[in-house]
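Residue numbers (the working numbering), protein chains in the order written: chain A, 1 to 223; chain B, 1001 to 1251.
Since the hints were derived computationally from the structure, they do not count as laboratory data. Any given hint might turn out to be false.
Computed list of lysine-lysine pairs in DSBU-like fashion (alpha-carbon distance at most 35 angstroms, straight line) [what the hints assert, rightly or not]:
(1) A/Lys22 - A/Lys44
(2) B/Lys1232 - B/Lys1138
(3) A/Lys65 - B/Lys1232
(4) B/Lys1195 - B/Lys1142
(5) B/Lys1142 - A/Lys85
(6) A/Lys133 - B/Lys1241
(7) A/Lys85 - A/Lys133
(8) B/Lys1241 - B/Lys1194
(9) B/Lys1093 - B/Lys1110
(10) A/Lys132 - B/Lys1195
(11) B/Lys1185 - A/Lys65
(12) A/Lys170 - A/Lys132
(13) B/Lys1110 - B/Lys1241
(14) A/Lys133 - B/Lys1031
(15) B/Lys1142 - B/Lys1221
(16) B/Lys1138 - A/Lys65
(17) A/Lys65 - B/Lys1142
(18) B/Lys1008 - B/Lys1138
(19) B/Lys1114 - B/Lys1232
(20) B/Lys1031 - A/Lys65
(21) B/Lys1140 - A/Lys85
(22) B/Lys1241 - B/Lys1114
(23) B/Lys1031 - A/Lys85
(24) A/Lys117 - A/Lys132
(25) B/Lys1138 - B/Lys1221
(26) A/Lys132 - B/Lys1138
(27) A/Lys65 - B/Lys1194
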Amino acid sequence: MTVHFINEIENLTLLLLEVTSKVEHAVQQAIQATFSHDVPLAQKIIDADDEIDATEILIEEECLKILALYQPVAGDLRKVITILKVNNEIERVGDLAVNIAERVFDMVSYGENMVEKLDFEEMTGKACGMLKKSLDSLTYRDTAIAAEVISLDDEVDKLHHDAYLFVREKMLQHPNQSGYYLDCLTISRCLERIADIATNISEDVIYMEQGIIVRHLHEGGTK
Amino acid sequence: MPLKLEAKNLNFFYGNEQVLFNNNLPVEEKKITAVIGPSGCGKSTFLRVCNRIFELYRNQRAEGELLLDGVNVLLPEVDVLELRRNVGMIFQKPTPFPMSVFDNVAYPLKLHFKLSRRETFDRVEQALRGASLWDEVKDKLKTSGLALSGGQQQRLCIARAIAAEPEVLLMDEPTSALDPLATSKIEELMVELKKRFTIMVVTHNMQQAARISDATAFFYKGVIVEHGTTTKIFTNPANRKTEEYITGRFG
């Protein structure tokens, strides 16, 4: 029975890692699409989300099956619960990639030259870096990487705040281009959410490995 | 929460073979403590020390202290009959006496108390109600206890144990011979009974231990490897051996 359980968990982990790599790729492509105003690429990301959603359901059903059939406890229980939670987080990252891609359709209407662009490069690098590291911490069950991700969240929050100030200033300067800047703010917000999700995943990994719930512990209860 | 029972440096020997080694275990009052561990690890032996039932066999001895309300019950001056009234025991296989349902429950009353017929009847009814059996047997009190189903027989044994008004109930795999429905009834009953009694239960069923107990002690090769709240043991045990056992990696 234990052998079956271990096999089931291994298969489930592989499935989760497969979908996380797809989601990671989708976020990077979505940002790329906003840089290059690439509508076909944006559409491709939106279309691909159905597959991510279907995998989320599949993983959840497998987790429920494992809980019902094996009634795991201790480390095994924490592992299944973590997969269940991370699965949900990953699907939300997929949705955020779609949200970013959807902005491209509006952004292209402003053309290439008429606006002062918001540079997302640093924020994208940090948010995607956090996401990648959080997934690495899950793959390698490495709580040190997870703790590092949690400590990085503030930097992305600050960049999002900077983006907000930039957008506010530009909307006052160029009211006729406020739609474009609102798109930028939405993208910034999505990247900030991705960083939050990376933090959540890292917290889940720490729970899985150490059995300690670290949510709301850092920074005096706020993220 | 005050301690009802406490083992201190408890050792146990079958002849020259030691099977319990320096066990220390606090057992809280009116809680269910599950005793888990692989076969032959000393769980049942530990239970058998608590009411000195081991003394019925030759060449078995306990050393150390087993405190019941602070009194070491292993001392020779302790009245064993009174101890066993106070610390009741339920076994894996239901053990009704070959007599009527009524007489099964009345037996300890006759042994320990001097009661009128009316008082005896009331106490039997009370015990059968306490064991959630009254409604099923009230019309067949004169039927043999052996004619009841397995689950009913086990509840009859629980009624017989609680009729003597003990403070502690020891249960040695009380549901391992029962089907899931009868098991569920016994589990519900145990949770009800802990309002009045301190319960120690040996079980091989990890889910059962997780479901019904407040505290869990893990025995391995005669040693209590870990004990603590059931929530802690079943979500994040401190000892690797405990984790391996409860997740089915061995045992």
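Taking the hints in turn, this is what the structure says about them:
1. With a C-alpha separation of about 13 angstroms, the suggested pairing of lysine 22 of chain A with lysine 44 of chain A holds against the 35 angstroms cut-off.
2. For the suggested pair lysine 1232 of chain B and lysine 1138 of chain B, the alpha carbons sit about 42 angstroms apart, so the restraint of at most 35 angstroms is broken.
3. Distance hint between lysine 65 of chain A and lysine 1232 of chain B is fulfilled; the C-alpha atoms sit about 24 angstroms from each other, no more than 35 angstroms.
4. For the hint linking lysine 1195 of chain B to lysine 1142 of chain B, the alpha-carbon distance of about 30 angstroms falls within 35 angstroms, and the restraint holds.
5. Note on lysine 1142 of chain B and lysine 85 of chain A: the hinted pairing is violated, with a Cα-Cα distance of about 57 angstroms set against a maximum of 35 angstroms.
6. Note on lysine 133 of chain A and lysine 1241 of chain B: the hinted pairing holds, with a Cα-Cα distance of about 31 angstroms set against a maximum of 35 angstroms.
7. A hinted pair counts as satisfied when its Cα atoms are at most 35 angstroms apart, and lysine 85 of chain A with lysine 133 of chain A qualifies at roughly 17 angstroms.
8. Of the supplied pair hints, the one linking lysine 1241 of chain B and lysine 1194 of chain B holds, its CA atoms being roughly 29 angstroms apart against a limit of 35 angstroms.
9. Annotation: proposed proximity of lysine 1093 of chain B to lysine 1110 of chain B holds, straight-line Cα distance about 24 angstroms (limit 35 angstroms).
10. Taking the CA atoms of lysine 132 of chain A and lysine 1195 of chain B, the gap is near 52 angstroms; set against the 35 angstroms cutoff, the hint is violated.
11. As the CA atoms of lysine 1185 of chain B and lysine 65 of chain A are separated by approximately 26 angstroms, the hinted pair is consistent with the 35 angstroms bound.
12. Of the pairs offered as hints, the one joining lysine 170 of chain A and lysine 132 of chain A holds, with about 32 angstroms between alpha carbons and a cut-off of 35 angstroms not exceeded.
13. A distance of roughly 47 angstroms separates the Cα atoms of lysine 1110 of chain B and lysine 1241 of chain B; the hinted pair therefore is violated under the 35 angstroms criterion.
14. Restraint check for lysine 133 of chain A and lysine 1031 of chain B: not satisfied, since their Cα atoms lie roughly 45 angstroms apart, outside the 35 angstroms limit.
15. About 45 angstroms separates the Cα atoms of lysine 1142 of chain B and lysine 1221 of chain B, which puts this hinted pair outside 35 angstroms; it is violated.
16. As the CA atoms of lysine 1138 of chain B and lysine 65 of chain A are separated by approximately 43 angstroms, the hinted pair breaks the 35 angstroms bound.
17. The straight-line distance between the Cα atoms of lysine 65 of chain A and lysine 1142 of chain B is roughly 48 angstroms, outside the 35 angstroms bound, and the hint therefore fails.
18. Restraint check for lysine 1008 of chain B and lysine 1138 of chain B: the C-alpha separation of about 44 angstroms exceeds 35 angstroms, so the hint is violated.
19. Between lysine 1114 of chain B and lysine 1232 of chain B the alpha-carbon distance is near 46 angstroms, which puts this suggested pair outside the 35 angstroms criterion.
20. The suggested pairing of lysine 1031 of chain B with lysine 65 of chain A holds, with an alpha-carbon distance near 32 angstroms, which does not exceed 35 angstroms.
21. For the hint pairing lysine 1140 of chain B with lysine 85 of chain A, the CA-to-CA distance comes to about 54 angstroms; that exceeds 35 angstroms, so the pair is violated.
22. With a CA separation close to 50 angstroms, the supplied pair lysine 1241 of chain B and lysine 1114 of chain B exceeds the 35 angstroms bound.
23. Taking the CA atoms of lysine 1031 of chain B and lysine 85 of chain A, the gap is about 33 angstroms. The hint holds against a cut of 35 angstroms.
24. Taken as a hint, the lysine 117 of chain A and lysine 132 of chain A pair is honoured in the structure, with Cα atoms around 26 angstroms apart against an allowance of 35 angstroms.
25. Between lysine 1138 of chain B and lysine 1221 of chain B the alpha-carbon distance is near 45 angstroms, which puts this suggested pair outside the 35 angstroms criterion.
26. Taking the CA atoms of lysine 132 of chain A and lysine 1138 of chain B, the gap is about 68 angstroms. The hint is violated against a cut of 35 angstroms.
27. As the CA atoms of lysine 65 of chain A and lysine 1194 of chain B are separated by approximately 33 angstroms, the hinted pair is consistent with the 35 angstroms bound.
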